[in-house]
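Novice: One letter stands for each residue in the lines below.
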Amino acid sequence: MARKLLLGNINVPGIHTFDVYRQHGGYRAVEKALKTMTPDAVVEEVKTSGLRGRGGAGFPTGMKWSFLAKPEGRERYLVCNADESEPGTFKDRYLMTHIPHLLIEGMIVSSFALGAKTSYIYVRGEMMPQIRILERAIAEAKNAGFLGKNILGSGYDLELYVQPGGGAYICGEETALIESLEGKRGNPRIKPPFPAISGVWACPTVVNNVETIAAVVPIINDGGEEYAKVGNGRSTGTKLISASGNLNKPGVYEIELGLPVEEFIYSEEYCGGIANGKRLKAVVAGGSSVPILPANLILKTINGQPRLMSYESLSDGGFQTGSMLGSGGFIAFDEDQCIVRNTWNFARFYHHESCGQCSPCREGTGWMEKVLHNLENGHGKMSDIDLLVDVSKKIEGNTICPLGDAAAWPVASAIRHFRDEFEWHITNSKTAMEQNYGLANYADPLPKLEEAIQN
Amino acid sequence: MLSVTEHKEIEFSANLISKFEEIVTRYPEGKQKSALLPVLHLVQAEYGWISPEAMDKIAAFLQIQAIEVYEVATFYTMFFMRPQGKFVLEVCRTGPCCLVGAEKIMHHIEKTLGVKEGEVTADGNFSWRGVECLAACGMAPVLQIGPEYTFYENLTEDSVDKLIENLKNKI
Ligand SMILES: Cc1cc2nc3c(=O)[nH]c(=O)nc-3n(C[C@H](O)[C@H](O)[C@H](O)COP(=O)(O)O)c2cc1C
Ligand code: SF4
Ligand code: FES
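Residue numbers (the numbering used here), protein chains in the order written: chain A, 55 to 509; chain B, 6 to 176.
Chain A on its own, in the form it takes in the complex (with noise of 0.2 Å):
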């Protein structure tokens, strides 16, 4: 059994209680870090640690902390990203449902690290059981002395709040957060200033995903140097898969960092397979935003090395052959899937989603929605895969905020390694309406990927 640092105490029946909690070791972490430590040390030891932002991005989280900005005479802030939208990802709302009291210690520890006497937990708005799950966690922990005022009488305050979101994917995107705390519409700044710098209310502030500050928890607990003992090179410690599509036991798994894929699809452990028997076509590993792989490039880098779950080797090869860990939604796709339905039907979420403020976001994405959409429904033409490729190219890096990268990047991944199915669907329309192009030729592309390398 691979070593579980945050989920590792889930199945104790009243775990989502303080009294439970605490029984089993919870707020050591609060303890340790306000009685024993100094808010730098907690940030050194969170820099020792090599934890990288659960998020999406995978930035190192000790290293944004200690850009925070901290002028005289001015609130901080640390935000928790609750938003949770990324198609493909669950686990916040898993650990929130069933370990809320984790999150609750994680944010106390990361906001006296910060300086943080006020910090919020942006939670998306449709997660309203969730909202109502840390309130109540807030409030059995200020009953004993965690948060309010001179916490465990080390002299130092924190108000704790939930704020629930409207229903807006975009909202993720940490500027458009910010907007969206302040009661506006989530449209995202332009960087810079950065928000370590100028945040929520213009006052320096960090966001951080859920599981980036439950994280904070065992590094505080065992020590950096313990937590970067766990995982595979960079990629540090366990992280949080959301499994999900045609596997025989999808679901949330805390896996540590370096575990094959392979291992994670197929064994008992994890997914248990692909459901009914049939075979894998293809993977989106990190949320719908990364880029998607044919079963045999996500099974194996194009260099024959076993793909492994860690930031590095799911983007081995680059977006040629690789992809991205992102968010840790891992999606499965069996052999009858349509890819091109897939990747119309992730076209109309980012355009649904786009927030408007930009013309190659905006425009852009309600063009590849249309072409797809008449390419799945039998009336595309054989340019339309030419003119999805240039309509990605021309959003990806042009626009405000990274949703335009994650627009185009599907549309492009999926024309990059299955232009074939798209020609099918165009010179097959009847037959395409009907039945699914099926496995074809993907269950062994490796040779041919090649080619279109050396090409």
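Wrong hints could be hidden among the right ones.
Computed cross-link-like contacts, DSBU-like style, restricted to lysine-lysine with a CA-CA straight-line distance of at most 35 Å [claimed, not checked]:
# : chain 1 : residue 1 : chain 2 : residue 2
1 : A       : K484      : A       : K245
2 : A       : K303      : B       : K109
3 : B       : K121      : A       : K484
What the hints contain is simulated information worked out from the structure, not anything from laboratory work. Keep in mind it's a predicted model, so treat the numbers as computed, not measured.
Fit chain B with the ligands to the given chain A structure using the hints.
Specialist: Chain B with the ligands in isolation, oriented as in the chain A frame:
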């Protein structure tokens, strides 16, 4: 219940106002605009949708311009700008759910309720719509029902039938 004009004389209850007041204390002095989203949720939970009159009242309470409320309420997908059915079934329509049959579930709901997406049944009891990923893709297909946002997971046509029956009994 479905008439827009009936809302003209809207008056927030003392209970609702006291909830608004508590929310405002969560932010620094002068930053009460931050209460807007939580307040909109409370208003929608009370009335089932957000009427123009309700938005004007909210603006007055938060001491902001009415336009600041309109632009926010219309930006976020959770807020209904028109009256809905008493129960709104919101089915996830995004990729991962579609891999395991979300589209079939939506067709089934459409057939069972006899109304198109976004429309309300003649008795005013039900409406439904597709929504984007609800962060429950491992339990797909899924739907939620406000204002509690109760979750129904691993849906089948049978479980949807039972759910609709149960809801009918609650009316
Ligand atoms: C369109 C978009 C959506 C995002 N959604 C989320 C989200 O739901 N949750 C999250 O933690 N980060 C999300 N992010 C990443 C955040 O902008 C930010 O990088 C993250 O919250 C930082 O926290 P971390 O360093 O702990 O990962 C999103 C980014 C973009 C561009
Ligand atoms: S890239 Fe898209 S979502 Fe991001 S700011 Fe521009 S229009 Fe808005
Ligand atoms: S795709 Fe339906 S819950 Fe995520």
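Novice: None of the hints should be skipped; say for each whether it holds.
Specialist: Right, here's what the structure says about each hint:
{"no.": "1", "hint": "K484/A with K245/A", "in the structure": "violated, 48 Å"}
{"no.": "2", "hint": "K303/A with K109/B", "in the structure": "holds, 21 Å"}
{"no.": "3", "hint": "K121/B with K484/A", "in the structure": "holds, 27 Å"}
Hint compliance for this structure: hint 1 alone is broken.
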